[in-house]
Amino acid sequence: MSALLQLDKATIRFGGLTAVSELDLQIGPSELVGLIGPNGAGKTTAFNLITGVYQPTAGEIIFDGQSTVGRNPYQITKRGIARTFQNIRLFPSLNVFDNVRAVFHLHLRGDVRHALWRGMGYHAEEKAIADRALELLEIFQLGKFRDEPAKSLSYGDQRRLEIVRALAAKPKLLLLDEPAAGMNATEKVELTRLIRFIKDKFQISILLVEHDMKLVMEICERIAVLDYGIKIAEGKPDEVRANPKVIAAYLGE
Amino acid sequence: MNFRHAKTFLLGALAASFLAALVASRINPYWLYIFYDIGISIVMAVSLNLINGYTGQFSLGHAGFMAVGAYTSAVITNQFGELNFFAANGIFAVALYAGGLAAALAGLLVGIPTLRLRGDYLAIVTLGFGEIIRVILQNMDKVGAARGLSVNHGWTNLFWTFGLAAVTIYVVASLVNSTYGRGFIAVHDDEVAAEAMGINTTKYKVTAFVIGAFFAGIAGGLYAHSKQFLTPGGFGFMQSITFVVMVILGGMGNTVGVILAAILLTLLPEGLRMLSGIEHLPGFTAERPLGWIGDTRMIIYSLLLIVLMLTRPQGLFSFRRKRN
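Each protein sequence line maps, in turn, to chains A and B. Following our numbering, the numbering of the first sequence begins with 1084 at its first residue and continues without gaps. Following our numbering, the numbering of the second sequence begins with 234 at its first residue and continues without gaps.
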């Protein structure tokens, strides 16, 4: 099975600090992988390497058969990697509906002229986009909020809306950056169900960066553990849980 | 905001400005020129709103683009002598378009290197650009340098000013109400998130800048052929500030509000001037009881702006909930 995303000794240094060192990681099609580690282990940096926010100092990142090194984040998103943010980053002056619709320009056939001329093709395309956006919102029970400003939603709903927005980009790989941060126990149960649902319904791969061990252990098929930028363990949840290196990293020796 | 009948609006507005131009000879010339100023202000403010309001880039150089368009179109039309109605309007259309293109080119040249900057830095660079344009014009002997340039033809009329104001409104409103154009607002809201959602933020910013500059250039052409005299000093920093104030007062990213603010802020100094002219009322012939209003009208204008900003920072005509 060829991997959808493959990190090959990906390394990034900031001055003297090596934030991520020779990270090897593979994610297959429709696989749900967790990336965990203590605070400052380099999880979010690894995320930013994959999405193109940072460029690796050394090593290679291959997505869907092509290198993503040297590409801008928007180009990588076009290729099929969409993400959410640790601290929710919706578009606050757009309403719920438009937050989702804004992403569809990725798959637009027309450009500025199209939007200015407003011919038949334009209206048909806008209609198709509106339908698809509403359908996505309905799947995640957000349809009733379509005209609300994104900021007025509850925390859990904003999280869900951010995921819907990422799915609107039709990704092959969805990156979730600490989706459970700031959630209470009930919301976490809800989130667990949601992530499983996305994987089954959309048949996409998911990389999950998370602090909450319980949540990660429960849903991930495979887990990689980072500590000080180095991958110290990888395997099935039970193997990782029992790994002495992981216990040491989390609890101290 | 819904924008279904965009083309109907555009055609209606064009027809209305054409009819207005037909009856223009019956309008008092003083008012006629104020109407021209209003139309030009609308073009300037609405196009600046695309850059400053919707896309969230702070440009302080809009008068610079206006200057490029004004001088370009004036140099073109000055090549021609007296022309019949059709030739005159044809040449004028070409000259306005050329002025817009020249300004758009200037916008592209300034935009590409500077739009990587954010906030205050971008404001300073665009301010510098506006000043450079002014200084270049001041030293170009071909266009009269500091003495100014007379424009031979007064071809600006109600059709051109309000017709082009309608076109500007149509372009900006249809852009921001399309899937393509929602990218501008996304860039304004959160550049990092916009980039992560596949939006080429640099391209969007440059596009907004070039479109904004294009219409500022067209407004410059209208201005040149209404005043019929151009001086580099007329396109200074203060002029740019006036348009920025219109955008802020109307409510950033609110086209209707910005149009109202452009009308209000063009009329306000004139209105204050008129108030002070009441000395001719019977019984007041000797003294000028309201003369102080005329003498201090720019101070009153500034004070009003301060009061408005303190009481309605979200914009005078913005009735939506305050953002964030």
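Derived from the structure by calculation, the hints contain no laboratory data. It cannot be assumed that every hint is accurate.
[As the list claims (entries may be wrong)] For each label pair, taking beta carbons as the anchor points, the in silico distance ranges come out as:
1) Ile1222(A) - Met531(B): 52 to 62 Å
2) Gly1204(A) - Leu538(B): 58 to 68 Å
3) Leu342(B) - Arg1196(A): 21 to 31 Å
4) Thr529(B) - Asp1194(A): 48 to 58 Å
5) Thr544(B) - Gln1169(A): 34 to 44 Å
6) Ile1222(A) - Leu255(B): 23 to 33 Å
7) Arg1215(A) - Met531(B): 49 to 59 Å
8) Asp1194(A) - Leu501(B): 35 to 45 Å
9) Tyr534(B) - Val1195(A): 50 to 60 Å
10) Arg1196(A) - Leu244(B): 14 to 24 Å
11) Thr544(B) - Val1152(A): 30 to 40 Å
12) Ala254(B) - Gln1169(A): 54 to 64 Å
13) Asp1214(A) - Pro502(B): 42 to 52 Å
14) Ser258(B) - Val1195(A): 32 to 42 Å
[As the list claims (entries may be wrong)] Think about it this way: if two alpha-carbon atoms lie no more than 20 Å apart in a straight line, the pair counts; the simulated EDC-like pairs of lysine to aspartate or glutamate are:
15) Lys436(B) - Asp1107(A)
16) Lys1227(A) - Glu1273(A)
17) Lys1234(A) - Glu424(B)
18) Lys1253(A) - Glu1270(A)
19) Lys1161(A) - Glu424(B)
20) Lys1161(A) - Asp423(B)
21) Lys1319(A) - Asp1107(A)
22) Lys240(B) - Asp1147(A)
23) Lys240(B) - Glu1208(A)
24) Lys1092(A) - Glu1317(A)
25) Lys1161(A) - Asp1147(A)
26) Lys1234(A) - Glu1270(A)
27) Lys460(B) - Glu424(B)
28) Lys1234(A) - Glu503(B)
C-beta: ideal position from N, C-alpha, C; glycine also.
Against the structure, the hints come out as follows:
no.	hint	in the structure
1	Ile1222(A) - Met531(B): 52 to 62 Å	59 Å, holds
2	Gly1204(A) - Leu538(B): 58 to 68 Å	45 Å, violated
3	Leu342(B) - Arg1196(A): 21 to 31 Å	22 Å, holds
4	Thr529(B) - Asp1194(A): 48 to 58 Å	51 Å, holds
5	Thr544(B) - Gln1169(A): 34 to 44 Å	38 Å, holds
6	Ile1222(A) - Leu255(B): 23 to 33 Å	56 Å, violated
7	Arg1215(A) - Met531(B): 49 to 59 Å	54 Å, holds
8	Asp1194(A) - Leu501(B): 35 to 45 Å	40 Å, holds
9	Tyr534(B) - Val1195(A): 50 to 60 Å	37 Å, violated
10	Arg1196(A) - Leu244(B): 14 to 24 Å	19 Å, holds
11	Thr544(B) - Val1152(A): 30 to 40 Å	53 Å, violated
12	Ala254(B) - Gln1169(A): 54 to 64 Å	58 Å, holds
13	Asp1214(A) - Pro502(B): 42 to 52 Å	50 Å, holds
14	Ser258(B) - Val1195(A): 32 to 42 Å	39 Å, holds
15	Lys436(B) - Asp1107(A)	34 Å, violated
16	Lys1227(A) - Glu1273(A)	19 Å, holds
17	Lys1234(A) - Glu424(B)	17 Å, holds
18	Lys1253(A) - Glu1270(A)	25 Å, violated
19	Lys1161(A) - Glu424(B)	16 Å, holds
20	Lys1161(A) - Asp423(B)	18 Å, holds
21	Lys1319(A) - Asp1107(A)	16 Å, holds
22	Lys240(B) - Asp1147(A)	43 Å, violated
23	Lys240(B) - Glu1208(A)	18 Å, holds
24	Lys1092(A) - Glu1317(A)	15 Å, holds
25	Lys1161(A) - Asp1147(A)	12 Å, holds
26	Lys1234(A) - Glu1270(A)	18 Å, holds
27	Lys460(B) - Glu424(B)	41 Å, violated
28	Lys1234(A) - Glu503(B)	42 Å, violated
In summary, the numbered hints that this structure violates are 2, 6, 9, 11, 15, 18, 22, 27 and 28.
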